[in-house]
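Student: Protein chains in written order, with full-length UniProt numbering: chain A, 1 to 231; chain B, 1 to 204.
In case anyone wonders, no lab produced these hints; they're calculated from the structure. These figures come from a predicted structure and were not determined experimentally. Possibly wrong hints are sitting among the right ones.
[Stated by the list, open to error] Below 27 Å or equal to it, Euclidean Cα-Cα: the simulated BS3-like pairs (lysine-lysine) are:
| hint | chain 1 | residue 1 | chain 2 | residue 2 |
| --- | --- | --- | --- | --- |
| 1 | B | K78 | A | K91 |
| 2 | A | K91 | B | K84 |
| 3 | A | K92 | B | K129 |
| 4 | B | K84 | A | K92 |
| 5 | A | K88 | B | K78 |
| 6 | B | K129 | A | K96 |
| 7 | A | K96 | B | K117 |
| 8 | A | K164 | A | K37 |
[Claimed, not checked] Pair ranges (Cβ atoms, derived):
| hint | chain 1 | residue 1 | chain 2 | residue 2 | range |
| --- | --- | --- | --- | --- | --- |
| 9 | A | N23 | B | N115 | 48 to 56 Å |
| 10 | B | K82 | A | M1 | 39 to 47 Å |
| 11 | B | E79 | A | P219 | 31 to 39 Å |
For glycine and all other residues, C-beta sits at the position ideal for the given N, C-alpha and C.
For reference, the chains in residue letters:
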Amino acid sequence: MTDFALTTFSSKGKLLQIEYALNAVAKGDTAIGIKAKNGVVLVVEKKQSSILVEESSVQKVALLTDNIAATYAGLGPDFRVLAQQARKLVKKYDLKYQEEIFVQTLSRELAEDVQVATQRGGIRPFGVSILIAGYDEEGPHLVQLDPSGAYYSWKATAIGKQAKNAKAFLEKRYNADMEIEDAINTALLTLKEGFEGQITPTNIEVGVIRDDHVFRILPPSQVKDYLEELE
Amino acid sequence: MSGIFEYNGGSIVGMKGKNCIAMACDRRFGQQMSTITTNYQKVFKIQDNILLALSGLNTDIHTFYALMEKEINLYNLKENRKMKPTTFANLVASALYERRFGPFFVTPIVAGLENGKPILATYDSIGCKSDLDDFQVGGTGGNYIYGACEAFFKPDMNPEELEEVIGQSLVSGCDRDALSGWGGVVYVLTEQKLTVKILKTKQT
Chain A
1 MTDFALTTFS
11 SKGKLLQIEY
21 ALNAVAKGDT
31 AIGIKAKNGV
41 VLVVEKKQSS
51 ILVEESSVQK
61 VALLTDNIAA
71 TYAGLGPDFR
81 VLAQQARKLV
91 KKYDLKYQEE
101 IFVQTLSREL
111 AEDVQVATQR
121 GGIRPFGVSI
131 LIAGYDEEGP
141 HLVQLDPSGA
151 YYSWKATAIG
161 KQAKNAKAFL
171 EKRYNADMEI
181 EDAINTALLT
191 LKEGFEGQIT
201 PTNIEVGVIR
211 DDHVFRILPP
221 SQVKDYLEEL
231 E
Chain B
1 MSGIFEYNGG
11 SIVGMKGKNC
21 IAMACDRRFG
31 QQMSTITTNY
41 QKVFKIQDNI
51 LLALSGLNTD
61 IHTFYALMEK
71 EINLYNLKEN
81 RKMKPTTFAN
91 LVASALYERR
101 FGPFFVTPIV
111 AGLENGKPIL
121 ATYDSIGCKS
131 DLDDFQVGGT
141 GGNYIYGACE
151 AFFKPDMNPE
161 ELEEVIGQSL
171 VSGCDRDALS
181 GWGGVVYVLT
191 EQKLTVKILK
201 TKQT
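If we strip away everything but chain A, and leave its shape as in the complex, we get:
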């Protein structure tokens, strides 16, 4: 640990480390989130470097609590650390208030940890953008959390390699009256648009939360059904 900050301002008023972190995110596998009026869906590419990799051992959609989950684009290990920190934040809140934490509250508290990494001595910013999806008392939520610590609520968004194209595609397809089933189809279509190669039930991961407030990561069999529907 050093005493001095590694992330310091450039003469143009930029924090280059954060810009570079965003570059790392832009190189990462695409992740898409869509908020419907009765649920939220997250889909993420799970491109493996080799056919020898055990696909089921890689989990890109992490459950943070029963009704909130997250996925990412960027550095996998950084996401793992933040997901664990988020789970601890949820439990800390639960111990204090014995109440379900709001998605906005969790996002804000996690964002503080991410911001600290841009200012504290001796550490680098996190190299991930995270998509947090959840359903709480206020309704469905989709929040994007960037390496800078800034967080934004979205109706639909994409992060990673295909972010730009995917968002353009989503802007045309999204409508506020979408039901969760439409949202799942739209999310898969959007991912398919920019997908390199064949999309299969094992090289993507899909997570869904409906108004029952229970987040479910779909097993490959269910993903297969949705993909077939797309044809």
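Model the placement of chain B on the given structure of chain A, informed by the hints.
Tutor: Structure of chain B alone, referenced to chain A:
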């Protein structure tokens, strides 16, 4: 210090009614056998729909109340919403247990209305929450008030009846307890309003 919980004296009681709750306390602030003042506040309005009553060591009553005020204010600002009575009830328990090995010498009662439904919770000084009963007492005159409550209480009383019953229970109890009394204050909370009434007890 024979009994740090008895040093200042004082009694509190909370009761559930039909879509309303009531809280009552005495007004004495003493130092063992001396009475210092007869207008000490022991029931606090934490939020429009939450009341917190505290009995025990007066300095801790004040400090714990200030701590809860701080918590709820920060919560309102951070979360941009009001705190639910059940959430506040849990917060009190956590806050008390946080000081497990250097506790606040208070026994709180929390009462509130959550979507019209009455909430009542009581605790020991280290945060053991109990929300099972229709009335709860605390303080040096507690046991005397219990007797009166058992006799007068019936479930689902309207605000006027509740005010009468809790007032009489408090007065009966405090009149027997040497360390409680010198007046009583009754708070009745409904969805629409909070009424506060000052009662006379045996002036001794």
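Student: Now tell me, hint by hint, if it's right for this structure.
Tutor: The hints, checked one at a time:
Taken as a hint, the K78 of chain B and K91 of chain A pair is honoured in the structure, with Cα atoms around 18 Å apart against an allowance of 27 Å. Distance restraint check for K91 of chain A and K84 of chain B: the Cα-Cα separation of roughly 19 Å lies within the 27 Å cut-off, and the hinted pair is therefore satisfied. Proximity of K92 of chain A to K129 of chain B is assessed by CA-CA distance (about 19 Å); at most 27 Å being required, the pair is judged to hold. In summary, the hint linking K84 of chain B to K92 of chain A is supported, as the alpha carbons are separated by about 18 Å, within the 27 Å threshold.
For the hint linking K88 of chain A to K78 of chain B, the alpha-carbon distance of about 19 Å falls within 27 Å, and the restraint holds. Between the alpha carbons of K129 of chain B and K96 of chain A the distance comes to roughly 13 Å, so the proposed pair stays at or under 27 Å and holds. A C-alpha spacing of about 23 Å is found between K96 of chain A and K117 of chain B, which places the hinted pair at or below 27 Å, so the restraint holds. As the CA atoms of K164 of chain A and K37 of chain A are separated by approximately 24 Å, the hinted pair is consistent with the 27 Å bound.
A hinted range of 48 to 56 Å for the beta carbons of N23 of chain A and N115 of chain B is consistent with their spacing of about 49 Å. For the pair K82 of chain B and M1 of chain A, the beta carbons lie near 41 Å from each other, so the given range of 39 to 47 Å is met. Hint check: E79 of chain B to P219 of chain A, Cβ distance near 35 Å, so the stated range 31 to 39 Å holds.
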